[in-house]
Amino acid sequence: MAKQTSTGVTLGVVASLPATFDAVGYAALTFVEVGELIDLPEYGPTVTVVESNPLKTGITQKYAGFTNYGSVSLGLEWDPSDAGQVILAAAINPGGAFVPHSFEITYPDGTIEYFHGGVFSYTRAPGSANSMVGSTATVEINSEVIRVAP
257 MAKQTSTGVT
267 LGVVASLPAT
277 FDAVGYAALT
287 FVEVGELIDL
297 PEYGPTVTVV
307 ESNPLKTGIT
317 QKYAGFTNYG
327 SVSLGLEWDP
337 SDAGQVILAA
347 AINPGGAFVP
357 HSFEITYPDG
367 TIEYFHGGVF
377 SYTRAPGSAN
387 SMVGSTATVE
397 INSEVIRVAP
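Mapping of the sequence shown onto our numbering: residues 257 to 406, in sequence order.
No lab work stands behind these hints, which were simulated from the structure alone.
Some hints here could point you the wrong way.
Per label pair, the in silico range of CB-to-CB distance [what the hints assert, rightly or not]: (1) Lys-312 / Glu-289: 57 to 63 Å; (2) Thr-367 / Gly-291: 51 to 57 Å; (3) Thr-379 / Leu-311: 45 to 51 Å.
Every value quoted in this text rests on a predicted model; they were computed, and no experiment measured them.
Don't be surprised by glycine CBs; every beta carbon is placed ideally from N, CA and C.
Take these sequences, add in the hints, and give me the full structure.
Shown next, in the form of structure tokens:
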């Protein structure tokens, strides 16, 4: 894969799950773009290390445990009228029912990645002089990240 800059990366969200958890199922959803996205940090799976410590050998052996697909803290310039940010804000339901959301990340080369999870925060950061009012939305990923090549 050729190098690319992050200019042009977009994020889409929809407050539902696909009929099937594959590229076809996700592609059938109608995603709403989250506007004013300024930071999309790393995300992806981490496997828990399970250790075995047999007394006979005295050597720690390591095995793969559960997989955690992680979380992502979306950096935004706060725009309460943006349709995508409205969906993220509405997902916060303290003490209420968890509502899964599906996400679509599109890269400049046309690669698309899909996953689903929950929105667990949507905060505002008024900032200081000469700065934009910001927002951060934290998404906990509950599925494999499905990559679709262009």
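Status of each hint after checking the structure:
Restraint check, Lys-312 to Glu-289: a C-beta distance of roughly 58 Å satisfies the suggested window 57 to 63 Å. Taking the beta carbon of each, Thr-367 and Gly-291 are about 21 Å apart, not inside 51 to 57 Å as hinted. The supplied range of 45 to 51 Å is met by Thr-379 and Leu-311, whose beta-carbon atoms lie about 49 Å from each other.
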